[in-house]
Amino acid sequence: MTCLSTECTSFPWPGEPTESNVMRITVNRLRCIAAGQCVLKSPHVFDQDEQDGIVVLLTENPAPEFEASARLAARVCPSEAITVHDE
Amino acid sequence: MSQTVAELAYPMSRTKPFNPPDGYADLREHEPFARVRLWDGTYPYLLTKFDDIRAVLSNPQFSCEPNREGFPHVFEGRMVADKADRSFLRLDNPEHDRLRRMVTKEFTVRRIEQLTPRIEESMDRLITQYSQLPQGADFVEHFSAPLPTEIITFLLGIPYEDHQFFHEATRIQFGSKSTPPEVRKSLDDLFNYLDALITRKDREPQDDIVSRLVVEQLKPGHVDRLTLINIVRLLLSAGHQTTQNMTALGVLTLLQHPDQLALIKSNPEMIPGAVEELLRFSSVLHVGARRVALEDIDVNGKLVKAGEGVICSIPAANRDPDLFPDPDRLDVERDAARHVAFGFGIHQCLGQVLARAELRIVYGSLFNRLPNLRLAVPFEKLRFRHDMFVYGVHELPLAW
Numbered sequence: 001m002t003c004l005s006t007e008c009t010s011f012p013w014p015g016e017p018t019e020s021n022v023m024r025i026t027v028n029r030l031r032c033i034a035a036g037q038c039v040l041k042s043p044h045v046f047d048q049d050e051q052d053g054i055v056v057l058l059t060e061n062p063a064p065e066f067e068a069s070a071r072l073a074a075r076v077c078p079s080e081a082i083t084v085h086d087e
Numbered sequence: 001m002s003q004t005v006a007e008l009a010y011p012m013s014r015t016k017p018f019n020p021p022d023g024y025a026d027l028r029e030h031e032p033f034a035r036v037r038l039w040d041g042t043y044p045y046l047l048t049k050f051d052d053i054r055a056v057l058s059n060p061q062f063s064c065e066p067n068r069e070g071f072p073h074v075f076e077g078r079m080v081a082d083k084a085d086r087s088f089l090r091l092d093n094p095e096h097d098r099l100r101r102m103v104t105k106e107f108t109v110r111r112i113e114q115l116t117p118r119i120e121e122s123m124d125r126l127i128t129q130y131s132q133l134p135q136g137a138d139f140v141e142h143f144s145a146p147l148p149t150e151i152i153t154f155l156l157g158i159p160y161e162d163h164q165f166f167h168e169a170t171r172i173q174f175g176s177k178s179t180p181p182e183v184r185k186s187l188d189d190l191f192n193y194l195d196a197l198i199t200r201k202d203r204e205p206q207d208d209i210v211s212r213l214v215v216e217q218l219k220p221g222h223v224d225r226l227t228l229i230n231i232v233r234l235l236l237s238a239g240h241q242t243t244q245n246m247t248a249l250g251v252l253t254l255l256q257h258p259d260q261l262a263l264i265k266s267n268p269e270m271i272p273g274a275v276e277e278l279l280r281f282s283s284v285l286h287v288g289a290r291r292v293a294l295e296d297i298d299v300n301g302k303l304v305k306a307g308e309g310v311i312c313s314i315p316a317a318n319r320d321p322d323l324f325p326d327p328d329r330l331d332v333e334r335d336a337a338r339h340v341a342f343g344f345g346i347h348q349c350l351g352q353v354l355a356r357a358e359l360r361i362v363y364g365s366l367f368n369r370l371p372n373l374r375l376a377v378p379f380e381k382l383r384f385r386h387d388m389f390v391y392g393v394h395e396l397p398l399a400w
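From first to last, the protein sequence lines are chains A and B. Be aware that the first sequence starts at 1, since it is given in my numbering, and climbs by one per residue. Be aware that the second sequence starts at 1, since it is given in my numbering, and climbs by one per residue.
These are computed hints drawn from the structure, not numbers from a lab. A hint or two may mislead.
[Said to hold, decoys possible] Think about it this way: if two alpha-carbon atoms lie no more than 30 Å apart in a straight line, the pair counts; the simulated BS3-like pairs of lysine-lysine are:
1. B:K16 x B:K265
2. B:K219 x B:K185
3. B:K105 x B:K219
4. A:K41 x B:K105
5. B:K302 x B:K83
6. A:K41 x B:K265
Next comes chain B alone, as it looks inside the complex (with noise of 0.2 Å):
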């Protein structure tokens, strides 16, 4: 049995796209602290049952900071990308407090509620601008791509016109095929881009999270101007990737199963809790979240010894039927507010607010405006981002 699972290599690759690899049901029941080995011939534990996987995030003594020995590293190239992390995503307490703490007052439910105008504006003319192009065009690049870009880069204060640049730096950073040489330009590209910024912002202070940054926190002291940087690249990069993946995931998801489109486009007042569903089945961060164990610790009766790395799958977590009866299934009338699509723990989602106010906005807004919307190509046709840090499609063509 060991050496069996000894070969269980990760990522596991799945054969319904909705649905996560098969093997996890397996593991949930039979091996939940699964060995499996990765890339660089190391054996993390594959944690799939939600409990252990919220216990694991939610200690202190479980690291996340990837330059530790043990950290798994699920990609030779995010590797390299993780290891130059110096933002709060990677860095434990009290570090990561302090630093996170200089951007929690611009995501709060007050400050996303006063910019609900602006993400409907973008939203209406978008959807305008989409439906005016030719049948079967493709909805990541017209409609969830610049949605949210447009969303993160007014917050942030950077031009959208450079949106093909950093969608490209994404593209690099977080593909399970980047050679490191590659993720190393591309993170050097961005981060004389960002510093430029910063210099901008400096010299000439706007109403953007990016200016205050500059003169609440570089100006006094209070943050190293490499450490401001990677939070702007954190910024940057969560707050257009994923939510991404999941407007067009989402949108594939409901025209995959029209009659929990039915549901929501009759009862808007379902939306808040379709959102949680959709996030809770898509589970679009499906590799991690992942730490390393400081010292030998009890994880509800197992025993992980210091230095053993950690991954808690995100997309097994939220379908562990313990917490989500018959969990393959959608149902949107379902109670999914127990997730962990954003993570759990200090580390959970600090944009968690925003996206769910976007998803909110456009699962409400879409199929109304374009209640003929449907999928222009055969479902085998459409590329799933297996290949991805954050799964999606690669190409969503529609039609109206």
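If we strip away everything but chain A, and leave its shape as in the complex, we get (with noise of 0.2 Å):
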């Protein structure tokens, strides 16, 4: 799963060599209900399209400090279109 987000091809495409133990995220924006959780829970992460407030990822693999905030927003997304892929 890619992030059709423009603004994430600043950031490494999934198959692009990472560090190892690095938390990866994915997002699947035709999923999305744009409900803003993400956004609330983990700024540093997630964004939301001003066109249509869709998720708008902002880094694949995000810091460590944001880590847990990322967890959450998955957690809580309502329509399940955040994963997080422990690698």
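Bring the two chains, given one by one in their own frames, into a single complex with the hints.
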């Protein structure tokens, strides 16, 4: 699953080499219902598209200090549009 | 056992105003898929476990469309309104997402942040006006009802002066004792009102949600007029009714838990967490959420057959001790983030960012502006909204 947001292009795409044991986040923009919970819980990792409120992933690999909030965002997402990959 | 279970009537009554009906804890432990009897003689399941409720609400094979056979109707009058509802609240996908996305941009975190000064302005003015009234004035009538109504009418572009009309419509359409003819008449009046509003916005679009929906969605033919009326009706009723009741019930809850109130007064950084805990604790959507199975579905090991109705009790889920230890205790310091007070799945509340902003602003300021705020009548005299689709207090006389 790739992030469809243009804002994600500056970050590593899936398949690109990343450090081991790094958390990787993917979002499914087709499932997203724009409830906004991820932005409230983890604003350094998630944003919303101005046009439709749909999730925009700011970084696929959150810095360690944002991992807990990103994980919480995934757990509370009502449409289960956020996936956390621990690799 | 099955006999007794079959005789459980729903909705059940509460013995303690802040707690869900006593029977829920027992059902959660012994009968998490209980059969309950509704007014029309149907027997849907009542679900009381957090995990089961989350599983149902996130499963697209459970439909929320009220015209399907087996959908649970909890009040006769509400059935009429639900069956007439063509908003995305009562539609499955793919149509749900298509219609919901017409308005999601209006309620993003950024848009609501921009709205904060407007909410604060309303709140400050309403507190000032309220404090000039005689002691014992009704906090619901003079504060918790006008505040969210001012904000949602501002956003939609509906004249605030008409608030008595649509407050009355909400009272009829969401009351347990309303008769079908009363509800039909009220729906007709409200639809005609909104139809005229849309005509005005079509003629002279302004900077508001209804105008944008008319220009961007109705005119190019992305949505038909009746559906648009339904969407605006949903935004209007959900935009004032739920927050109004959550605001007043939350204030009452804090007044009755002075140690918790003292904590948030001296630690304003605790307000966002306290809002989540109050949402969990209060769960004002106290009947529902309701679904009907479209096929045979396994829910955590329990088979629900096609056509069977399911009532997912939001208050029960939010008091599940597996998720929230000592669940009947109000604890503003607990981690309540996973509550389902706004529902779960694709129908989770569209306006939750706005609701949270309003609640944070009110709970963060009210008790500092009026530091001696207190109940003006004995607690036992309060009338709780047992008889309404959205729980709360009918009146809240306070002194300050």
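Taking 30 Å as the top limit, are the C-alpha atoms of A:K41 and B:K105 close enough? holds (19 Å)
Would you check the hint for B:K302 and B:K83, treating anything up to 30 Å between C-alpha atoms as holding? Roughly 29 Å between the alpha carbons, so the hint for B:K302 and B:K83 holds.
Given the hint that B:K16 pairs with B:K265, does the C-alpha gap stay at or below 30 Å? Holds. B:K16 to B:K265 sits at ~26 Å (cutoff 30 Å).
With a cut-off of 30 Å on the C-alpha distance, tell me whether B:K219 and B:K185 pass. Holds - the C-alpha atoms of B:K185 and B:K219 are around 28 Å apart, at most 30 Å.
Would the hint linking B:K105 and B:K219 be met if the CA-CA limit is 30 Å? holds (19 Å)
Distance restraint between A:K41 and B:K265, which requires alpha-carbon spacing of 30 Å or less: With Cα atoms ~23 Å apart, A:K41 and B:K265 stay inside 30 Å; holds.
In the structure shown, no violation is registered for any of the earlier numbered hints.
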